[in-house]
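A.B. asks: Sequence:
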Amino acid sequence: MNRPNTLAIIYNKVITIGHSISFLGLKIRGLQGGRDSKVESITCNWPNKLILGYECEIQNGVDFRIWHPFNNESYIKLGNKVFVGHACEFVCNEKILIGNNCLIASKTTFNNTGHEYKINANINQQPITSQAIILEDDVWIGTSCVILQGVTIGTGSIVAAGSVVNKSIPANEVWAGVPARFIKKRI
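Using this note's numbering, read the sequence shown as starting at 1 and increasing by one per residue.
There's no promise every hint is true.
Subject to a maximum C-alpha distance of 25 Å in a straight line, what follows is the list of computed DSS-like cross-link-like pairs (lysine-lysine) [stated by the list, open to error]: (1) Lys185 - Lys167; (2) Lys107 - Lys167; (3) Lys95 - Lys184; (4) Lys77 - Lys107; (5) Lys107 - Lys118; (6) Lys95 - Lys38; (7) Lys167 - Lys184; (8) Lys95 - Lys107; (9) Lys38 - Lys77; (10) Lys185 - Lys118; (11) Lys107 - Lys38; (12) Lys184 - Lys118; (13) Lys81 - Lys95; (14) Lys77 - Lys167; (15) Lys81 - Lys118.
These aren't lab readings, by the way, just hints derived from the structure by calculation. Being a predicted model, the structure only gives us computed values, none of them experimental.
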């Protein structure tokens, strides 16, 4: 269905915000959008659990998925002047906090949910584990990275393209690899 100038289409608790819409204080089903933010086509199963700062840019195909919307600690908050490239995915069972002035390149995944894997039970019957993901201010995440549960990435740090981050990164460092390792200090 193609509707020119469509602001939003809401169906089955999913919100799609039309291509290249700028908005001021947009609130549809609880979505909190900052002033002067630009949002292309996104999906979000619980818009009231997504908070956008001002002057954010979110490109096409970004998926914000909240697994336990009635848990007060399950939400996604983007700070001011955050850029999120196309086809990124946020899988949230605990909070995901993105600081101010962060750059997140395309096809990056944030997943703060996992499973235990003890030998005495089938994998699909194991308990789910969750821990917050926090990006402090001025962080740059390269394309196609994976950021896992329990990770905090310190102010001013950079994660190189294709990295898998499974432990916290101190401030002003450059990390790369699978799993991500320290490369150098940012100068």
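A.B. asks: Are the hints correct? Go through all of them and say.
C.D. replies: Hints, verified against the model:
no.: 1; hint: Lys185 - Lys167; verdict: holds, 17 Å
no.: 2; hint: Lys107 - Lys167; verdict: holds, 20 Å
no.: 3; hint: Lys95 - Lys184; verdict: violated, 29 Å
no.: 4; hint: Lys77 - Lys107; verdict: holds, 19 Å
no.: 5; hint: Lys107 - Lys118; verdict: violated, 31 Å
no.: 6; hint: Lys95 - Lys38; verdict: holds, 23 Å
no.: 7; hint: Lys167 - Lys184; verdict: holds, 16 Å
no.: 8; hint: Lys95 - Lys107; verdict: holds, 20 Å
no.: 9; hint: Lys38 - Lys77; verdict: holds, 16 Å
no.: 10; hint: Lys185 - Lys118; verdict: violated, 38 Å
no.: 11; hint: Lys107 - Lys38; verdict: holds, 18 Å
no.: 12; hint: Lys184 - Lys118; verdict: violated, 36 Å
no.: 13; hint: Lys81 - Lys95; verdict: holds, 19 Å
no.: 14; hint: Lys77 - Lys167; verdict: holds, 21 Å
no.: 15; hint: Lys81 - Lys118; verdict: violated, 42 Å
Going through the hint list in order, the structure does not satisfy hints 3, 5, 10, 12, 15.
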